[in-house]
Amino acid sequence: MKKTILSLMALGLIIGFAPSSFAAGDAPHAPHQHWHFDGITGQFDKAAMQRGLKVYREVCSACHSLKRVAYRNLVDLGYTEDQVKNIAVEYTVTDGPNEDGEMFDRPARPSDKFVSPYPNDKAAKALNNGALPPDLSLITKARHNGPNYLYAILTGYGEPEHGVELMEGQHWNKYMPGHVIAMAAPLSDGIVAYEDGTPETVSQYSKDVTNFLVWAADPYLETRKRTGIAVLIFLIVFSGVMYGVKKKIWKDIH
Amino acid sequence: MASGPREKFDNPTIEWIDSRLPIFTMLNKEYGVFPTPKNFNYFWNFGAIAMFMLITMIVSGIILAMSYTAHVDYAFDSVERIMRDVNSGWLIRYIHMNGASFFFIAVFIHMFRSLYYGSYKQPREILWILGVVIFLLMMATAFMGYVLPWGQMSYWGATVITNLFSAIPFVGESIVTLLWGGFSVDNPTLNRFFALHYLMPFLICAVVFLHVWALHVTGSNNPAGIEPKTKKDTLPFHPYYTMKDTFGLLVFITIYAFFVFYAPDYLGHPDNYIPADPLVTPAHIVPEWYFLPFYAMLRAITFDIGIPFTDITIISAKLGGVITMFGSIALLFVLPWLDTHPIRSARYRPLFKTFLLIFVVNFVFLGYVGSQGADAMVGPIPLSLLGLLATGYYYGFFLAILPWLSKFEKGRDLPPSIHESVLD
Amino acid sequence: MATKTKTPKSNGKKGETRRDFLQLTAGAFGAVGAASVAWPLINSLNPAKDTLALATTEVDLSPLLVGQSITVMWRGKPVFIRRRSEKEIEEARDVDVAALSDKQTDEDRVQKPEWLVLVGICTHLGCVPTGQKSTEPRGEYGGWFCPCHGSHYDTSGRIRKGPAPKNLAVPDYVFTSDTAIKIG
Numbered sequence: 001m002k003k004t005i006l007s008l009m010a011l012g013l014i015i016g017f018a019p020s021s022f023a024a025g026d027a028p029h030a031p032h033q034h035w036h037f038d039g040i041t042g043q044f045d046k047a048a049m050q051r052g053l054k055v056y057r058e059v060c061s062a063c064h065s066l067k068r069v070a071y072r073n074l075v076d077l078g079y080t081e082d083q084v085k086n087i088a089v090e091y092t093v094t095d096g097p098n099e100d101g102e103m104f105d106r107p108a109r110p111s112d113k114f115v116s117p118y119p120n121d122k123a124a125k126a127l128n129n130g131a132l133p134p135d136l137s138l139i140t141k142a143r144h145n146g147p148n149y150l151y152a153i154l155t156g157y158g159e160p161e162h163g164v165e166l167m168e169g170q171h172w173n174k175y176m177p178g179h180v181i182a183m184a185a186p187l188s189d190g191i192v193a194y195e196d197g198t199p200e201t202v203s204q205y206s207k208d209v210t211n212f213l214v215w216a217a218d219p220y221l222e223t224r225k226r227t228g229i230a231v232l233i234f235l236i237v238f239s240g241v242m243y244g245v246k247k248k249i250w251k252d253i254h
Numbered sequence: 001m002a003s004g005p006r007e008k009f010d011n012p013t014i015e016w017i018d019s020r021l022p023i024f025t026m027l028n029k030e031y032g033v034f035p036t037p038k039n040f041n042y043f044w045n046f047g048a049i050a051m052f053m054l055i056t057m058i059v060s061g062i063i064l065a066m067s068y069t070a071h072v073d074y075a076f077d078s079v080e081r082i083m084r085d086v087n088s089g090w091l092i093r094y095i096h097m098n099g100a101s102f103f104f105i106a107v108f109i110h111m112f113r114s115l116y117y118g119s120y121k122q123p124r125e126i127l128w129i130l131g132v133v134i135f136l137l138m139m140a141t142a143f144m145g146y147v148l149p150w151g152q153m154s155y156w157g158a159t160v161i162t163n164l165f166s167a168i169p170f171v172g173e174s175i176v177t178l179l180w181g182g183f184s185v186d187n188p189t190l191n192r193f194f195a196l197h198y199l200m201p202f203l204i205c206a207v208v209f210l211h212v213w214a215l216h217v218t219g220s221n222n223p224a225g226i227e228p229k230t231k232k233d234t235l236p237f238h239p240y241y242t243m244k245d246t247f248g249l250l251v252f253i254t255i256y257a258f259f260v261f262y263a264p265d266y267l268g269h270p271d272n273y274i275p276a277d278p279l280v281t282p283a284h285i286v287p288e289w290y291f292l293p294f295y296a297m298l299r300a301i302t303f304d305i306g307i308p309f310t311d312i313t314i315i316s317a318k319l320g321g322v323i324t325m326f327g328s329i330a331l332l333f334v335l336p337w338l339d340t341h342p343i344r345s346a347r348y349r350p351l352f353k354t355f356l357l358i359f360v361v362n363f364v365f366l367g368y369v370g371s372q373g374a375d376a377m378v379g380p381i382p383l384s385l386l387g388l389l390a391t392g393y394y395y396g397f398f399l400a401i402l403p404w405l406s407k408f409e410k411g412r413d414l415p416p417s418i419h420e421s422v423l424d
Numbered sequence: 001m002a003t004k005t006k007t008p009k010s011n012g013k014k015g016e017t018r019r020d021f022l023q024l025t026a027g028a029f030g031a032v033g034a035a036s037v038a039w040p041l042i043n044s045l046n047p048a049k050d051t052l053a054l055a056t057t058e059v060d061l062s063p064l065l066v067g068q069s070i071t072v073m074w075r076g077k078p079v080f081i082r083r084r085s086e087k088e089i090e091e092a093r094d095v096d097v098a099a100l101s102d103k104q105t106d107e108d109r110v111q112k113p114e115w116l117v118l119v120g121i122c123t124h125l126g127c128v129p130t131g132q133k134s135t136e137p138r139g140e141y142g143g144w145f146c147p148c149h150g151s152h153y154d155t156s157g158r159i160r161k162g163p164a165p166k167n168l169a170v171p172d173y174v175f176t177s178d179t180a181i182k183i184g
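Residue numbers (my numbering), protein chains in the order written: chain A, 1 to 254; chain B, 1 to 424; chain C, 1 to 184.
In short, the hints are calculated from the structure, not lab data.
Keep in mind that a hint or two might mislead.
[As the list claims (entries may be wrong)] Going by beta-carbon spacing under 8 Å, a handful of chain A positions derived as facing chain C: (1) W35; (2) A70; (3) R72; (4) G156; (5) T198; (6) F238; (7) V241; (8) M242; (9) G244; (10) V245; (11) K248.
Built from N, CA and C at the ideal position, the CB exists for glycine as well.
All chains, full assembly: derive it from the sequences and hints.
Structure below.
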């Protein structure tokens, strides 16, 4: 028994220290926010995601692509298929070549992926002082402590601390490693109009767009957590039954 | 295998098959009535658990391979397609991703059990060596598998690890070019890594077969470290250990499932969700956790070794690191001849037990060192110096402590039999 | 194996029942577990969501003249669209349906008599029949001819001669306007 505990401790150590080391540079740790999708029973907040989609479409999408998400996926946000179609047709996709060998423009269909703001990465760099605005489809998975980090960056803009010299095209952000970020503060109060009476503040926008992007990166989060509960309960009960079988068989030994 | 006189089976179908191919006789002999020491603790579950993980990895891996595209332009996208569009693709990929970690957890514990109870000792040397071969193959397979999603860590991990071979004098650069099939890690590299990643698990299966064969020749070691003498010392494998293994396996799967469903990316690295970019190296390259102790030993040698008071370098820091890392595994091969103490189990070797537990803590500490940046400090002390000391203990344990203990450790009295050891 | 295995002696009838019950429960759990793992693995081989999303094809029919055909891709298969002439429609309708091997009237196979839409896959073993171009062999009934094993289809795509068991399939389609259809 002692050894079992010991081995479990060793296992704990092995698992425990592994990712602890990825804290970013000298930036303060992004504080933990309360998220609807947190925890073992976490679920998506569809209203927040719909608002977040609006923020993405009206603000972020000017520079950031979302190329791994298709319009058809938006039904997850609670839209009907017709609503999704209406969203899709607002975008123009270059398709082709047609019978004449020409590329042509057509309205997007639900099966298309979100149209990117730039034709390619080089064009994106050229138009952004050489900095590439990252694709946002996986952003909350591609950063340590993703959702909190994203929220912290969006709300972390401010005046540079004294002694910090910013070059042109640079901005001060409390939570950016090194505190210097190429992206200008994208949000300001009232920049996106909400129809459901939700406050139109930077912090609310940031929360909503984070909710949306967490879904974009991890669309099966809800399914995963729901399945997880069933699987764990099943396994724990099965282990219990198996322990009974084992104990019964071993009863006469020793 | 199972030739010679054969007992008849009652079931006519089984008897018909068995009289032509005695597979049921073999199964019964090796897994049914196989006499197994009766004093196993739960450490003895981890062989079966590792076997289960190997099968899980192969099954989930084959399914993933059906939707994966081994091309630099499509690899990342095809993995994301698995995560988003393939039915249950996210689940199968998370099973595979976390499965690698849990396979290593099972094997590390399995190896620790072998060290603690002296399972590598005479007459089980070949059994142990085959196990080390499996471990090596696993490391190669896991490394190549990590490259396949073609994220930032995939790309830079592949670059750093393949560059290790450039440390070999004279031919190093040519070997690296050969490994890459080009002048950097690129499409030919990804293609061959995929081919090998698919092949190697089957090699592992073959060596596992030999490993189990060797095990069934000598029989299992046990916590007392003494051979069974009478029938009182053993139990038939089935149902005693089949049931005990199943129970232990279920507990293990429960922990594994927790990671798959609630922390699927915890053991991974966020940078691998950024597509590979040959122009930008991530700030902090770390291998997967199971390589960290070895990675720390690689980085521990930061100085050239040469003839004192001259400028002549015999071993550059780079080559020194590579030798140290590969040497740490090479040592495992000769372990049965480094520790020749007649008592197997650490239960009856208090000194060995103390040094071994320090070894485990030291190994975990090496893992910590490997996870930190190259310039990390602990107060005023550079972590790399502590890493060097820890590497020293790793080597010292095998090369000095074990041979010394073999000669001078007296050890406690062994119990007369397994049966009586259980009664203590 | 079970016949040879010695199970440990139990202490009497009561213990025996409980053990059997426990073992049965464990076995049931194992079977349920294995099945619920097997299903996602097998189901992952079914068409993925992006594949299903692309399962419709829209076709503009306006460039087609009477007597012309086009071939479009739908779900990775060729779809034949022929703008039939009066003569071809007449031939298709002037047939004793009872004498056909796969009995279907032409009216059942078209939405507008002028437009015939078919999956261009021979129902024998999956080859693509010839006959889309007027220069290609169209078989004895003026429709399509499968060169692999010699099946003849008429101007309604019905099997008339040869080894194919069924008529060329008609996919689900709707006219989205007078000169456009959506297949699927």
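Tell me, in ascending order, the numbers of any earlier hints that this structure violates.
-> When the structure is compared with the hints, numbers 1, 4, 5 turn out to be violated.
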